[in-house]
Amino acid sequence: MIVKEILIVFFALCAAGSVISLLTKKAHLVISIFGSLASVSLVATGILGLGLGKPLNWSQWSFPIFGQMHFHIDGITSILLLLTGVVALPVSIFSNGYLQRYLGKYSLRSFGVMYHLLLASIAAVFVTWDVMSFLVSWEAMSVLSYLCVNFEHRHEENTHAGLLMLVMGEVGTLAIAISMFILGSAGGGLDFESLRLGAQELGPGASWAVFLLSFFGFGVKAGIVPVNTWLPRAHPAAPANISALLSGVILNLGLYGIIRMNLDLAPVVSVNQGLVVVITGSITALVGILYATIDNDMKRMLAHSSIENIGIITAVFGAGLVFSASSDPTLAGLAFIAAFYHLINHSIYKALLFLGAGSVDARSGTRDMNRLGGLIKIMPWTSLMFLIGAMSIAALPPLNGFVSEWLALQTFLQSATLSSTSSTLVRVTFVLCGAALALTAALAVTCFVKAFAMSFLGKARSAQARSAKPAGGTTRLSMGILALTCIALGLLPTYVIPKLDESVNVPRQRHAVESLVPAFFRPQDANPIMDKAFVDEFHDLGAQVGKGLLPGRGLVVLHRGQARNPVVFAMSTSYTVIVLGLLLAMVFLLVHLFTRKRTQKTRAVWAGGLENLPPELTYTATGFSNPVRVVFNTVFRPQKTETRHQNVARHFRSAVSKQWEVVHLADRWVTGPIVHVLDKLAHLAASMHSGRINAYAAYMLMALVLVLLAGHLFT
Amino acid sequence: MSRWLTEGLLTHKPTTAYPARPESTAGISPGLPVPSSELTGQALEQLVSMCRVGALSKEKNTLGFDDGRCIHCMRCKGKSPKELEWDDSYEWARLTKLGEKNLAKLSASFKASLYIRTIDAGACAACLTEISLLAGPNYNMHRLGFFMTPTPRKADVLLVSGPVTDHMRDHLLEAYDSMPEPKRVIAVGACAMTGGVFGPSFTCAAGLSDMIPVDVVVPGCPPPPLALLHALLVLTGRKQQAEKIRALGSDRS
Ligand code: SF4
Ligand code: SF4
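Chains A and B supply the protein sequences, listed in that same order.
Per my numbering: the first sequence = residues 998 to 1712.
Per my numbering: the second sequence = residues 42 to 294.
Source of the hints: derived by calculation from the structure; they are not laboratory data.
Just so you know, not all the hints are guaranteed correct.
[Unchecked claim] Cβ pair distances, simulated, as ranges: (1) K138(B) - S1464(A): 53 to 61 Å; (2) Q1656(A) - K146(B): 50 to 58 Å; (3) P63(B) - F1566(A): 54 to 62 Å.
[To be verified] For lysine-lysine, the following PhoX-like pairs were computed, each having C-alpha atoms within a straight-line distance of at most 25 Å: (4) K142(B) - K224(B); (5) K1594(A) - K101(B); (6) K1598(A) - K146(B).
Just so you know, even glycine gets a beta-carbon here, dropped at the ideal spot from N, CA and C.
Next comes chain A alone, as it looks inside the complex:
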């Protein structure tokens, strides 16, 4: 029961943090102390929660209208609490150095209060177990994150972005509330257990309604296309630490909602619902990465890339739903593991990248990749950490992004060979969505090669980039924690996967892990449920060699235990490190060997005949991503405008400036039309307000007559 106490300690720390920030001028210090302590207690809650074995339920406090409050901690909650802690800890540390730029400009006191309350509300969303307290915490989280995003409220575009975030979030909340109330009224209660009962009572129509409302309602927070447009606007507006929390934690809340509703409380039973999730996820991933690749604002690029990652997670999660609906528990388990692994990875590396972008922004004063460059010489540590984050997110082995994306793609690829029950529709969808995800992965590499190369390599393309300063100690420490987590999650998948399997997969799917991480490397260690022939054959495959080299298990294998040729796929990041290391060493050796006899001469960089290479002439971010822009022109449909300045006389152009504006797909097709219709309606309503006294008197008279008439009729 110690979990409960630690959770209470967490809430107490948050409360103390907000009160103390209110009292002191150094709120940044308070955040870094109390925020970190609170995060540590969250980590402890998560770890202890994972060890619980079975879900922990308790009820506390009763309120007149809301009724009894219920709390619940299970595997999913524990993992997400742990993840929240792991992200919030470095973010809190980072805040100390970062927030000082606001000293004297904005009220750090209020920021401190909001920050601690935000942490508390996030944890509350995870642990509450009845509709009322869930919605209250959800609303608190929405409003507080809006306030935090809107912290630099004196910039008009920030307030716009914040408002959009708030409005879209509220619409989402409404949808969530309706879906929960439908379930609750069918189940006869508002705690989640009654919702679970209610889900079994629902007819197909109501079940679809609940599914769509909850999926897209939570999808707003998660950033699923087409309800994602607040995300790329909110991120550039928010302070970097809030951006990191937004991408690393708050998007997870949306995913948590989807997972809780559609996997646990009202499990998806129809394959088609699963397919909706798969298709939406794949589209989200592709759209996200396309916009990320062409964006030159570091933070907006990262926001688009968050959308991409959420898309991947959603698609794989949807695949899991399809498999479990078509009773294929092993594959479903595999998909859920992949989805959760990716969720965790995304939180970690995205937080890392946002902290990196934030520290670049803080130290150089610009986030425009066209104007950065050459920072690796000035901020070597930040560059290294950013590189680790970029490599992780680009899914390069041996980092963590590779593991989860590899699992995700394998889930899609192998579905045809593994699953016997799937229909043609499912197969075709999986092939197409798998292809979309593969394209996404490829574009992600382009996107992050650009992000790293254009910001950190080459020459500084502006005075701001030239005069940047190295990042401070707290920044380095916080980024270091996250970077190490990235590496650890990449190198030790075989230790993470069983934990995930235990906590994510409900008992009926338990054996996914047994077929994913075999517990044998010597025949005598063999898992007893494995076929002897399989163990021997696998033995021959060379797993034995790995055992000799590595301290622990390193191989992720999916196999069909009894079959003749059992291994479906196998991967090992830890072996990859060794092989990559050896290959790299060999390359150096070979190059040295072959070029030993060559003479070398050193000459200045060829600048095309100019005295020295002006940085403006080097490759820019726009130039690098232009091929993508050209190839996907049909998707982007940019608005191009050209202005010619004719100062001397007509036809004598002194300057030409070209504008290139991209309106997001979702804005063009979904949000835009809705706003347009609402605008029309508002105008219609506004035409009532002529401003003439007589008209208003007439309205009043009419209203009076109507009331009297109504009274007459109904009595």
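Assemble chain B with the ligands onto chain A, guided by the hints.
Okay, now just chain B with the ligands, sitting in the frame of chain A:
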């Protein structure tokens, strides 16, 4: 996209058959005069005075011809007391003495794959236009293993046109200096060979030869693309160089 596809299919392959077979399309080359040794006396003087760029000269009572100066203006064609013969071919490139020595040393790996950096050392742009045609479908030098590169750091050959203006001198030297060994230089056109119609003057030098070592010279003003292809082939030893008889004047090396 569909248009260039269909058009391409309909028009077949426009690429020239050279160097496998000679190209004989009319007007493919402006041609050069073939000096005859029969002219003497008055007729010789008259002909020499007709050439305003000094490509024709009187040398010991016979006609001297310097193809490094000729701009194929055709004044000497037809109008002369005794018509000069006209050579419509385009295989004009010649190796210099250094070029001959270098050719023997060229290793096989360079023969079929060569990277070229072009430098405009004050050319009138006609030479450059002809060079740029090499990459087009009609001449398509890539099929022969010749490629352009934007940086001298990766270039095997420096293709220089223009008389080398004072402004370009340092950059030309810098580019040549930046090239890795082994490196070769081709002087393209009359300007790069002798200064042509421009040099030497108060703003420019008289071609490349006193600045950087030249391996192959291509006469012409401008030399047609096929002559340039010939130069590249000569440089790599894949074609015979032009006979030296034409250049009765001093051998430029
Ligand atoms: S064609 Fe050549 S040789 Fe004849 S006159 Fe013109 S420049 Fe002189
Ligand atoms: S050789 Fe003739 S064509 Fe070439 S640059 Fe000189 S003047 Fe122009």
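Going down the list of hints, with the structure as the test:
no.: 1; hint: K138(B) - S1464(A): 53 to 61 Å; result: holds (56 Å)
no.: 2; hint: Q1656(A) - K146(B): 50 to 58 Å; result: holds (56 Å)
no.: 3; hint: P63(B) - F1566(A): 54 to 62 Å; result: holds (59 Å)
no.: 4; hint: K142(B) - K224(B); result: holds (13 Å)
no.: 5; hint: K1594(A) - K101(B); result: violated (54 Å)
no.: 6; hint: K1598(A) - K146(B); result: holds (21 Å)
Hint compliance for this structure: hint 5 is the single one not met.
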